[in-house]
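Visitor: Single-letter residue listing:
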Amino acid sequence: MSAAQAASDEVLIARIAQGDRLAMQVLYGRHHVRIFRFGLRLVRDEQVAEDLISEVFLDVWRQAGKFEGRSAVSTWLLAITRFKALSALRRRKDVELDDEAANAIEDASDDPEVAVQKKDTGEVMRKCLTALSPEHREIVDLVYYHEKSVEEVAEIVGIPENTVKTRLFYARKKLAELLTAAGVERGWP
Amino acid sequence: MAMSKKMLEQEPSEIEMLLPFHAAGTLSARDSRRVDEALARDPELARQYAVMQEEYAETIHLNETLGAPSARAMQKLFAAIDAEPPRYPSSPTLLSRLTAFFAGLSPRTLAWSASLAALALLLQAGLIGAVLVKNQGSTFETASLNPNQSTVRDLGPRALVRFTPEATVAEINSLLDSYQATIVEAKSGMFRLQFGNRAMTQDEVAGLMTKLQREKIVGLAVPAP
Numbered sequence: 001m002s003a004a005q006a007a008s009d010e011v012l013i014a015r016i017a018q019g020d021r022l023a024m025q026v027l028y029g030r031h032h033v034r035i036f037r038f039g040l041r042l043v044r045d046e047q048v049a050e051d052l053i054s055e056v057f058l059d060v061w062r063q064a065g066k067f068e069g070r071s072a073v074s075t076w077l078l079a080i081t082r083f084k085a086l087s088a089l090r091r092r093k094d095v096e097l098d099d100e101a102a103n104a105i106e107d108a109s110d111d112p113e114v115a116v117q118k119k120d121t122g123e124v125m126r127k128c129l130t131a132l133s134p135e136h137r138e139i140v141d142l143v144y145y146h147e148k149s150v151e152e153v154a155e156i157v158g159i160p161e162n163t164v165k166t167r168l169f170y171a172r173k174k175l176a177e178l179l180t181a182a183g184v185e186r187g188w189p
Numbered sequence: 001m002a003m004s005k006k007m008l009e010q011e012p013s014e015i016e017m018l019l020p021f022h023a024a025g026t027l028s029a030r031d032s033r034r035v036d037e038a039l040a041r042d043p044e045l046a047r048q049y050a051v052m053q054e055e056y057a058e059t060i061h062l063n064e065t066l067g068a069p070s071a072r073a074m075q076k077l078f079a080a081i082d083a084e085p086p087r088y089p090s091s092p093t094l095l096s097r098l099t100a101f102f103a104g105l106s107p108r109t110l111a112w113s114a115s116l117a118a119l120a121l122l123l124q125a126g127l128i129g130a131v132l133v134k135n136q137g138s139t140f141e142t143a144s145l146n147p148n149q150s151t152v153r154d155l156g157p158r159a160l161v162r163f164t165p166e167a168t169v170a171e172i173n174s175l176l177d178s179y180q181a182t183i184v185e186a187k188s189g190m191f192r193l194q195f196g197n198r199a200m201t202q203d204e205v206a207g208l209m210t211k212l213q214r215e216k217i218v219g220l221a222v223p224a225p
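Chains as they are written, first to last, in the working numbering: chain A, 1 to 189; chain B, 1 to 225.
Don't take each hint at face value.
To be verified - Covered stretches of chain B (in silico footprint by chain A; criterion: 3 or more residues with CB under 8 Å from a CB of chain A, positions within the stretch not fixed):
#, segment
1, 19-29
2, 40-54
3, 76-85
What the hints assert, rightly or not - The following residues of chain B were derived to be distant from chain A, with all beta-carbon distances above 12 Å:
#, residue
4, A117
5, A120
6, D203
Unchecked claim - Not the full set, but computed from the structure, chain B residues with beta-carbon under 7 Å of chain A:
#, residue
7, T59
8, I60
9, L62
10, N63
11, L66
12, P69
13, A71
14, A167
15, A170
16, E171
These are calculated hints, taken from the structure and not from any lab test. Think of the CB as a built atom: it goes at the ideal place given N, C-alpha and C, for glycine as much as any other residue.
Next up, chain A with everything else stripped away, as it sits in the complex:
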């Protein structure tokens, strides 16, 4: 995200704090897809993820006046989304072991082994990325897809900056193990 867009997001938040509905629509239009995808990767259920974004942006509507601008608006949104997603997961206590929910996403393509046979290593990689633990998935997404810095990830996840770096390293190592198990050798580690 450019510095100009970040600054413009802050202007929108200031307008939302004044009750500007149009500013809310603009902010929603700008961020809702990424927020939805981040939430979906955490809760693995499209309906729940859709409910999540409504809740996240409703929180923004209510809390805009308290936004202090210490972090980018997108970072704030992701932090709220994560909090809401974890709350939703806690409500569905068995979600971690809920294969059905995981399959809602995973069934859309071949198993990693099948994909290897088809020589589609990209697809294998995506399957393995989906198979990472929630902790590893969120950190990989935040860094690679949402382009968040070490400091921003630390703020969103609520962990020290050094833990952000080591957690991502071990997420990548786990990904390499999953790839090896699926028959993809990349020469690292």
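For this one, chain A is given, so just place chain B on it according to the hints.
Guide: Relative to chain A, chain B alone:
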């Protein structure tokens, strides 16, 4: 170089842990340069970086295939917003208006304004100091030139000091103690202080004034008779 491999078996190196952030372009210029230098001298690390870029690309691919929420999410949100109690735009506070005014100025205008304001403050301080020294000088002249009190004038130097509005009594007391100073007179927010009990050369007095001026709680300090 087998350094990277070796690190994997133990703890990852700092540079290895920074590779993903380097690929995403979210490192500071300094860290980015460190990673570039390490990549240039360590082929093993460079290979790991190439492998990592596949992960980067596929993570983006994966997220982009997740689709987008339906219009239902937006309808639900705005229905909830409509159900919220009405919020009336508050009139901007003085602070927010000032902030908006300064935000509207260009950096060059701001720099010039700040310089002019600083100059105006200096001039004001000088004028106040001069007026007070002149006016109060006559007030004290009688006393200080009183032959009966001449011994007092032979003691330490004096200065007219104005403390900042934020200065607390405790801070003023602490300053007086540290300078071995006593308040001779207070008038119109100015204090005539006497420092120690030994005469000082002009240079020493000038040094004392400079030191006083640097004190956080001192707004003005000028030599006084």
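Visitor: Could you work out which earlier hints the structure fails to respect and list their numbers in ascending sequence?
Guide: Of the numbered hints, 13, 14, 15, 16 do not hold.
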